[in-house]
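> Chains as they are written, first to last, in UniProt numbering: chain A, 1 to 142; chain B, 1 to 142; chain C, 1 to 142.
The hints are simulated quantities; they were obtained by calculation from the structure and are not laboratory data. Do not rely on the hints blindly, as some may be mistaken.
[Stated by the list, open to error] Partial chain B-side listing against chain C, Cβ under 7 Å, derived:
(1) Thr8
(2) Arg76
(3) His78
(4) Ala113
(5) Leu129
(6) Asp139
(7) Val141
[What the hints assert, rightly or not] Quick partial rundown of chain B residues pointing at chain C, CB under 10 Å, derived from the structure:
(8) Asn81
(9) Lys84
(10) Tyr98
(11) Pro114
(12) Pro142
Keep in mind it's a predicted model, so treat the numbers as computed, not measured. Where is the CB? At the ideal position from N, CA and C, for every residue including glycine.
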Amino acid sequence: MIGTESLTDLYVEVQHFYARQMHLLDGGAFEEYAATFTEDGEFTHTPQQPPARTRAGIVAELNRFHQRFADDPVVRRHWFNMLKLDPLEGGDIAATYYALVVTTRPGRNVTIAPSCVVHDVLVRENGALLTRSRKVDHDQVP
Amino acid sequence: MIGTESLTDLYVEVQHFYARQMHLLDGGAFEEYAATFTEDGEFTHTPQQPPARTRAGIVAELNRFHQRFADDPVVRRHWFNMLKLDPLEGGDIAATYYALVVTTRPGRNVTIAPSCVVHDVLVRENGALLTRSRKVDHDQVP
Amino acid sequence: MIGTESLTDLYVEVQHFYARQMHLLDGGAFEEYAATFTEDGEFTHTPQQPPARTRAGIVAELNRFHQRFADDPVVRRHWFNMLKLDPLEGGDIAATYYALVVTTRPGRNVTIAPSCVVHDVLVRENGALLTRSRKVDHDQVP
Numbered sequence: 001m002i003g004t005e006s007l008t009d010l011y012v013e014v015q016h017f018y019a020r021q022m023h024l025l026d027g028g029a030f031e032e033y034a035a036t037f038t039e040d041g042e043f044t045h046t047p048q049q050p051p052a053r054t055r056a057g058i059v060a061e062l063n064r065f066h067q068r069f070a071d072d073p074v075v076r077r078h079w080f081n082m083l084k085l086d087p088l089e090g091g092d093i094a095a096t097y098y099a100l101v102v103t104t105r106p107g108r109n110v111t112i113a114p115s116c117v118v119h120d121v122l123v124r125e126n127g128a129l130l131t132r133s134r135k136v137d138h139d140q141v142p
Numbered sequence: 001m002i003g004t005e006s007l008t009d010l011y012v013e014v015q016h017f018y019a020r021q022m023h024l025l026d027g028g029a030f031e032e033y034a035a036t037f038t039e040d041g042e043f044t045h046t047p048q049q050p051p052a053r054t055r056a057g058i059v060a061e062l063n064r065f066h067q068r069f070a071d072d073p074v075v076r077r078h079w080f081n082m083l084k085l086d087p088l089e090g091g092d093i094a095a096t097y098y099a100l101v102v103t104t105r106p107g108r109n110v111t112i113a114p115s116c117v118v119h120d121v122l123v124r125e126n127g128a129l130l131t132r133s134r135k136v137d138h139d140q141v142p
Numbered sequence: 001m002i003g004t005e006s007l008t009d010l011y012v013e014v015q016h017f018y019a020r021q022m023h024l025l026d027g028g029a030f031e032e033y034a035a036t037f038t039e040d041g042e043f044t045h046t047p048q049q050p051p052a053r054t055r056a057g058i059v060a061e062l063n064r065f066h067q068r069f070a071d072d073p074v075v076r077r078h079w080f081n082m083l084k085l086d087p088l089e090g091g092d093i094a095a096t097y098y099a100l101v102v103t104t105r106p107g108r109n110v111t112i113a114p115s116c117v118v119h120d121v122l123v124r125e126n127g128a129l130l131t132r133s134r135k136v137d138h139d140q141v142p
């Protein structure tokens, strides 16, 4: 259960949690990023793919995914915005928000894509927010 | 009158209100979007055009505007940022913020434009925030 | 010392402070922007350059920098996001966040670049937040 804090406190805590979480991911700290998920966390970063499961599984998937940048060095930044929070039965929180990936390559324009809507379930363990599941939907015309 | 809540509470409430409002708009829920305006609300989404007035008028204008996408299917996401709140006489709130429209089309790059500054007047009715008026200014060199 | 306010209050205050600060900068109010720094403030907006120092020095540097737009009129908007706050010894606050510059030119696409990570030290003087130092790092592949 997220607890009895005010919605104001929770909303700001989630913003701050996401900032720390994505600075970790964008800085290549995959183990620390995975530690912001629950031990049994699920992370589906690409639609139609099965989720990575458990912290170890998330680290493995991130290492696999980032091999594509081995010959294409980039700096990537994840931007989140337009955050909605909704309580779930049992006290967890559904967080839904927009995301963009900002990519900088040497000698080229900054690209901003894809545009995504992300669906998280957030829980509190030992006082700290954690992501139990993350599902990233890429914008696409139906 | 917005009320006696703290600026912290109000600032977060406005952020959350805008998130819900724009998820509605971007999801095509025009009636629900219009319901986030006062009954006599005004919405000027394009400079130099007269505002749409009343909830019914806003829905009609959105249906009219979105006809341009009938043959050009897109997913659009509105991003708001750099939000300033200023109290108005009588207890309403002036909200001023930056906005970008993120547009995804099949088989093409994501485009992000226009860049806007939006001027809202927010009021509280029966405990809920509502937009009384919205005026969108597109960035353009003077 | 920032003080005894809650992290929630501080986080929102910093968001609001940055919104006001960047509306000033983007509106060309360089003196008012410089007044959001401490009297001995430091501002390093371009990596590998020495910082502008003092409010007067910051105004002078902004006037110098903006000469490049004399023959290339633009509207620029600074977007900040993914804000992290960390307390420093002595009560100041380290703020670390992502930034993008959105540039609109007549008859051309909106460009969004560079992508930056900004490192601020924030202090409180006479009840108001001020920036003591700002160092902007542009994203670049190592």
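> Give a verdict on every hint.
Here's how the hints hold up against the structure:
1. The interface hint given for Thr8(B) holds, since its Cβ lies 5 Å from the closest Cβ of chain C, which is under the 7 Å cut-off.
2. Using the Cβ-Cβ criterion of 7 Å, the hint placing Arg76(B) at the interface with chain C is not satisfied: the shortest such distance is roughly 15 Å.
3. Hint on His78(B) is violated. Least Cβ distance to chain C is approximately 14 Å, over the 7 Å limit.
4. A distance limit of 7 Å between C-beta atoms decides the matter here; for Ala113(B) the minimum to chain C is near 4 Å, and the interface restraint holds.
5. The closest approach between the C-beta of Leu129(B) and any C-beta of chain C is roughly 16 Å, which is over the 7 Å cut-off, so the hint fails.
6. Annotation: interface hint on Asp139(B) holds; nearest CB of chain C at approximately 4 Å, less than 7 Å.
7. Interface hint status for Val141(B): upheld, as the beta-carbon distance to the closest one in chain C is roughly 4 Å, under 7 Å.
8. Hint status for Asn81(B) relative to chain C: holds, with the closest Cβ pair at about 5 Å, below 10 Å.
9. About 5 Å separates the beta-carbon of Lys84(B) from the nearest beta-carbon of chain C, less than 10 Å, and the hint is met.
10. A distance limit of 10 Å between C-beta atoms decides the matter here; for Tyr98(B) the minimum to chain C is near 5 Å, and the interface restraint holds.
11. Taken as an interface hint, Pro114(B) checks out: its beta carbon lies about 7 Å from the nearest beta carbon of chain C, inside 10 Å.
12. For Pro142(B), the shortest C-beta to C-beta distance to chain C is roughly 8 Å, which falls under 10 Å, so the interface hint holds.
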